[in-house]
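Produce the entire structure from the sequences given, and follow the hints as far as they go.
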Amino acid sequence: MTLSSSPPASSPPSDTATESELDVLGRDLSGCVLEQYVFTIMGIGLGTGMSVHRKSFFPLVAWGAAGSIGDLMYGLGYACKGQYDAYKACRNKLHRPQVPPITPPPSLG
Numbered sequence: 001m002t003l004s005s006s007p008p009a010s011s012p013p014s015d016t017a018t019e020s021e022l023d024v025l026g027r028d029l030s031g032c033v034l035e036q037y038v039f040t041i042m043g044i045g046l047g048t049g050m051s052v053h054r055k056s057f058f059p060l061v062a063w064g065a066a067g068s069i070g071d072l073m074y075g076l077g078y079a080c081k082g083q084y085d086a087y088k089a090c091r092n093k094l095h096r097p098q099v100p101p102i103t104p105p106p107s108l109g
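Sequential numbering from 1 applies to the sequence shown in full-length UniProt numbering.
No lab work stands behind these hints, which were simulated from the structure alone.
Take the hints with a grain of salt, since some may be wrong.
[To be verified] The calculated EDC-like cross-link candidates involving lysine to aspartate or glutamate, where the alpha carbons are at most 20 angstroms apart (straight line), are: (1) K81 / D28; (2) K88 / E19; (3) K88 / E21.
Here it is as structure tokens:
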């Protein structure tokens, strides 16, 4: 087992972001978001009851998908907010567009 020398996911990215730092932050964010499952379980439970009652498979699929989307939104918006902000900051520093400076026109007076 090797130890990684990368900073923890919750630390803010340095001024010189690298692809490896972005990759580590992305993997940490993915792991955190994929750990959210409460809404999926609730959607499957509700969908199963409705599917049995209606004798149709559609409510199970619809409520399961809605629960999965709810888990994704909850993960990015609340549970993993710090990791998401660190990932966005690192991505913005790494992929900053190189725009030439704009020189003002000479004065007319």
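To see whether the hints hold, each was checked on the structure:
With a CA separation close to 12 angstroms, the supplied pair K81 and D28 stays within the 20 angstroms bound. A hinted pair counts as satisfied when its Cα atoms are at most 20 angstroms apart, and K88 with E19 qualifies at roughly 13 angstroms. Between the alpha carbons of K88 and E21 the distance comes to roughly 12 angstroms, so the proposed pair stays at or under 20 angstroms and holds.
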